[in-house]
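The chain contents come next:
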Amino acid sequence: KQEVTQIPAALSVPEGENLVLNCSFTDSAIYNLQWFRQDPGKGLTSLLLIQSSQREQTSGRLNASLDKSSGRSTLYIAASQPGDSATYLCAVRGAPGAGSYQLTFGKGTKLSVIP
Amino acid sequence: GAGVSQSPSNKVTEKGKDVELRCDPISGHTALYWYRQRLGQGLEFLIYFQGNSAPDKSGLPSDRFSAERTGESVSTLTIQRTQQEDSAVYLCASSPWGQGTRQPQHFGDGTRLSIL
Chain A
4 KQEVTQIPAA LSVPEGENLV LNCSFTDSAI YNLQWFRQDP GKGLTSLLLI
54 QSSQREQTSG RLNASLDKSS GRSTLYIAAS QPGDSATYLC AVRGAPGAGS
104 YQLTFGKGTK LSVIP
Chain B
2 GAGVSQSPSN KVTEKGKDVE LRCDPISGHT ALYWYRQRLG QGLEFLIYFQ
52 GNSAPDKSGL PSDRFSAERT GESVSTLTIQ RTQQEDSAVY LCASSPWGQG
102 TRQPQHFGDG TRLSIL
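Those protein sequence lines, which keep their order, are chains A and B.
Each number in my numbering comes from the position in the first sequence (counting from 1) with 3 added on.
Each number in my numbering comes from the position in the second sequence (counting from 1) with 1 added on.
Source of the hints: derived by calculation from the structure; they are not laboratory data.
Just to be clear, a hint being listed does not mean it is correct.
To be verified - Straight-line distance between alpha carbons at most 20 Å, and here's what the computed EDC-like set of lysine to aspartate or glutamate pairs gives:
#, chain 1, residue 1, chain 2, residue 2
1, A, Lys45, B, Asp110
2, B, Lys16, B, Asp64
3, A, Lys110, B, Glu45
4, A, Lys4, B, Asp57
5, B, Lys12, B, Glu86
Let's have the full structure, built from the sequences with the hints guiding it.
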């Protein structure tokens with residue numbers, strides 16, 4: 004059974020710092036990995052999707068990397084802003100087969116960017 | 002709005018009552034998913050619909066939970082004889098099929114269900 008772990012559970016940084024969020028998964032047979040942002044009382048907003056054949060994806064100040072063989076992904080946020088404060092969730096989709104459309108989520112990292 | 006729409010946004014009900022949650026997917030999205038997010042826990046997969054295929058109900062926690070979807074439109078998640086452990090945020094997501102599982106899932110804002 005796939006398990007996804009996110010470290011740290013919470014992170015507080017001053018505005019302007021670069022930071023890295025970590026995600027690890029136990030079964031490397033994944034189809035893709037997705038990073039989401041969740042604001043309080045809101046649903047999930049997709050940030051980046053990395054297919055299993057890719058090593059990284061970039062969008063603006065965000066860069067996500069994937070090392071499938073070691074079961075790890077990182078989300079790098081450059082020049083953090085108070086508006087980046089949210090919970091960041093990592094989710095993996097299993098390889099083709101039963102349940103491959105399901106996403107398995109980590110519990111998230113709650114990020115606070117202090118002005 | 003072009004996003005996934007869920008209603009109600011909040012629902013408070015007494016233990017033992019039935020509740021019905023609604024999800025309107027993004028137009029044209031053939032795949033629809035329900036997830037549950039309990040306090041302090043990660044999201045749990047509940048059920049998946051893809052077009053007219055038989056849904057995957059493998060994530061439903063008990064027979065008190067059921068879901069329906071008509072074609073590629075609205076879905077309802079029904080919880081019968083609610084229990085306090087059913088309190089959670091219920092999230093719906095949809096995605097286009099196209100290249101199958103390569104597509105990202107788009108989430109609604111969820112229904113926050115509280116069982117008294």
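Status of the hints after comparison with the structure:
1. A:Lys45 / B:Asp110: 5 Å, holds
2. B:Lys16 / B:Asp64: Answer holds: B:Lys16 to B:Asp64 is near 16 Å, not above 20 Å.
3. A:Lys110 / B:Glu45: 10 Å, holds
4. A:Lys4 / B:Asp57: OK: A:Lys4 and B:Asp57 at ~17 Å, within 20 Å.
5. B:Lys12 / B:Glu86: Holds. B:Lys12 to B:Glu86 sits at ~14 Å (cutoff 20 Å).
Consistency note: the structure conflicts with none of the earlier hints.
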